[in-house]
Amino acid sequence: MTATISPSPTPKPVEPGAPPPAEEQTSISRWIPAAVILAAWVVVWYFTNGTQTLALPGTSRTDLHDRLTEFQNELLAGRATNPVMQFTNAIADALRSAVEWLQRMVVLPNFPRPVPEIGWLGVVALATYVGLVVASWRIALLVAASFLSFGVLGYWEDSLDLLIITGISVVLAVVIGLPLAVLIGTNRRANQVVTPFLDFMQTMPTFVYLLPIVLFFGIGPSAAVVSTLIYALPPLIRIAGFGIREVSATTVEATDSAGQTYWQRLFKVQVPMARKTIIVGLNQTTLAALSMATLAAFVNGPGLGKPVLAGLRINDVGTAFVPGALIVVMAVMLDRATTAASERAEKVARGGGGDPRVRRGLIIGGGVATLVAIYLSRTYVGLAEFPAYSIGDRVASAVSDGVDWFTGTFGGATEWIKDLITNQFLNRTQALLADSPWWLAFVALAALALVFGGVRALVSTVVCLAGIWYFDLWHDAMITLNMTLVATVLVMVLALVFGVWMARDRRVDLGLRPLLDAGQTIPPFVYLIPVLALFGPSRFTAITAGIVYAAPAAIKLVADGVKGVSPTTIEAGRSTGQTTWQEITKVQLPMARGSLVLATNQGLLYVLAMTVIGGLVGAGALGYDVVYGFARSEAWGKGLAAGITIVLLGVMLDRITRAAADVRRDDGPGPRRAFHLRLPIGPPNN
Numbered sequence: 003m004t005a006t007i008s009p010s011p012t013p014k015p016v017e018p019g020a021p022p023p024a025e026e027q028t029s030i031s032r033w034i035p036a037a038v039i040l041a042a043w044v045v046v047w048y049f050t051n052g053t054q055t056l057a058l059p060g061t062s063r064t065d066l067h068d069r070l071t072e073f074q075n076e077l078l079a080g081r082a083t084n085p086v087m088q089f090t091n092a093i094a095d096a097l098r099s100a101v102e103w104l105q106r107m108v109v110l111p112n113f114p115r116p117v118p119e120i121g122w123l124g125v126v127a128l129a130t131y132v133g134l135v136v137a138s139w140r141i142a143l144l145v146a147a148s149f150l151s152f153g154v155l156g157y158w159e160d161s162l163d164l165l166i167i168t169g170i171s172v173v174l175a176v177v178i179g180l181p182l183a184v185l186i187g188t189n190r191r192a193n194q195v196v197t198p199f200l201d202f203m204q205t206m207p208t209f210v211y212l213l214p215i216v217l218f219f220g221i222g223p224s225a226a227v228v229s230t231l232i233y234a235l236p237p238l239i240r241i242a243g244f245g246i247r248e249v250s251a252t253t254v255e256a257t258d259s260a261g262q263t264y265w266q267r268l269f270k271v272q273v274p275m276a277r278k279t280i281i282v283g284l285n286q287t288t289l290a291a292l293s294m295a296t297l298a299a300f301v302n303g304p305g306l307g308k309p310v311l312a313g314l315r316i317n318d319v320g321t322a323f324v325p326g327a328l329i330v331v332m333a334v335m336l337d338r339a340t341t342a343a344s345e346r347a348e349k350v351a352r353g354g355g356g357d358p359r360v361r362r363g364l365i366i367g368g369g370v371a372t373l374v375a376i377y378l379s380r381t382y383v384g385l386a387e388f389p390a391y392s393i394g395d396r397v398a399s400a401v402s403d404g405v406d407w408f409t410g411t412f413g414g415a416t417e418w419i420k421d422l423i424t425n426q427f428l429n430r431t432q433a434l435l436a437d438s439p440w441w442l443a444f445v446a447l448a449a450l451a452l453v454f455g456g457v458r459a460l461v462s463t464v465v466c467l468a469g470i471w472y473f474d475l476w477h478d479a480m481i482t483l484n485m486t487l488v489a490t491v492l493v494m495v496l497a498l499v500f501g502v503w504m505a506r507d508r509r510v511d512l513g514l515r516p517l518l519d520a521g522q523t524i525p526p527f528v529y530l531i532p533v534l535a536l537f538g539p540s541r542f543t544a545i546t547a548g549i550v551y552a553a554p555a556a557i558k559l560v561a562d563g564v565k566g567v568s569p570t571t572i573e574a575g576r577s578t579g580q581t582t583w584q585e586i587t588k589v590q591l592p593m594a595r596g597s598l599v600l601a602t603n604q605g606l607l608y609v610l611a612m613t614v615i616g617g618l619v620g621a622g623a624l625g626y627d628v629v630y631g632f633a634r635s636e637a638w639g640k641g642l643a644a645g646i647t648i649v650l651l652g653v654m655l656d657r658i659t660r661a662a663a664d665v666r667r668d669d670g671p672g673p674r675r676a677f678h679l680r681l682p683i684g685p686p687n688n
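Residues 3 to 688, numbered by our numbering, are exactly what the sequence shown covers, in order.
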């Protein structure tokens, strides 16, 4: 997904009691027709609600859904002669063989050996050594502690399986993504062609990849790798391409004058100068791959996602907590390792990085110790199979007991909060969106898109709404849209409160930013576990998980936008006697409106992705339709239709918010300096 921020020029200070500037008046005037549209919608709804809602009861399917299922059956029946299916099956076989080979190396017995080729001691030593080589001894200790926690908590094999899927996907992403990044970084036309595909891939919620991938690649490791690759590829292409494209034109021209070739310019100037940005892209891709590899448990992908999914299905928070916590440990380890590698590469490029003789000694000594550990793990069974511990079971039992105590003690309070949000917000807005006749909601949403985003947003909205209507899941789509909008409003409330607070108080920023960074590192699947413990399975659970997932990114965007307001402008306003409230509402927030629109854009799409996952915990609507399509082969077509409908909702919301940002930019007087900020959907650590 992309968004555009355009910082405003420095405004004149607003005197207390003065009328709002022309730009603010234009923004206010946009709400007047919106209010008229909403009022007319409510009036017509009052007389027509409950009619022509296109609701599809329970597990019912339409003829279109059955035709999509027949399409799947025909493809499967003819896969022996279909060249496309033969090609994808060959890829699936190759990926499956690669995963199984690595599993025999470090996870599963490699018969006739009763143990893997490299036992747990060798794996821990090798991973620690890699951390030392690419980063520092501190990262090496973090890696060692993380790997030991996988075994001590009883999930050694599942953890390594998840790392294998993530690692293969990242390697393939680098092989495919870096050439494309170079292409879009050095060729403007290629950038214009590739960018829309990246937008589409990043706007599409993760669940939607899985159904067609299962059709062409089957289930198991191959489907896990392919779905992870598709999800993890765009951040690397986009960020690395941006870094190459942003290399100083003056530097490139200076080296061109020396007569260098295209390849010399690329490998001696552009790539080295963009090294830090490229590694940031690799960081984002690695975390995105880990996130999707966890969700790949839905297609029988190996890894920690399986025990998490098993715990969620039986509503056992303790069972899901331990593997969920290990996913967080793995995410933090990978994030810190790739970030430290980026920082070290920058230091070395500038001639730093510590005493080279000491580092050379550490690397040589660590290499010898690693070889010894690998030899011992191949020789002694006790050093090949991780010892059995019951710590994980005790932690799971303690978590379950703690959850039971908390819900028994504070269950009334959590139930009151859930009922308040559900009855006062969810049910009321859902009645308007989902219980309106489909044509009324269609016209009203299109009219609101026109008001806030102009003709571009109107065209995108009409096309997407027509697609939603065509796929026969209109009512479920409106329920999902309602949950997304309500959750986004709550996300933006949190973003405004904490973002402004962070921007105005450096101590608050220093205290909250590490927590927000950690929150953005956690894969979305994990957020369901504590929320499920507090509120049980319901729509509210899915919405709350979406809020927790989306809030860190939105808060940081608002904080950075408000913090970027010129101090000179703020001081000029204070000199006129502005109060703190006037300073925030009349200067800082209007100046940071680009960041606010981007935060809203990110919040909408993060929440939409999470409410789909929330289909596992009672969210119903499109999320449940997709999960049901996975579970029942005869409902595959309905699951696919639900997935496509989710994509259409995401594209519609993305286009409206982006168009609204452009309209706001065009409203303002004076020259504008525009720049583009690209953010991937998933678990970015921006």
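If you're looking for bench data, these hints aren't it; they were derived computationally from the structure. Bear in mind that the values here come from a model prediction, so they are computed numbers and not experimental data. Be aware that a few hints might be false.
With a cut-off of at most 30 Å between alpha-carbon atoms, the simulated DSS-like pairs for lysine-lysine come out as follows [what the hints assert, rightly or not]: (1) K420 to K349; (2) K349 to K270; (3) K270 to K565; (4) K308 to K565; (5) K308 to K420.
Against the structure, the hints come out as follows:
{"no.": "1", "hint": "K420 to K349", "result": "violated, 50 Å"}
{"no.": "2", "hint": "K349 to K270", "result": "holds, 18 Å"}
{"no.": "3", "hint": "K270 to K565", "result": "violated, 37 Å"}
{"no.": "4", "hint": "K308 to K565", "result": "violated, 42 Å"}
{"no.": "5", "hint": "K308 to K420", "result": "holds, 29 Å"}
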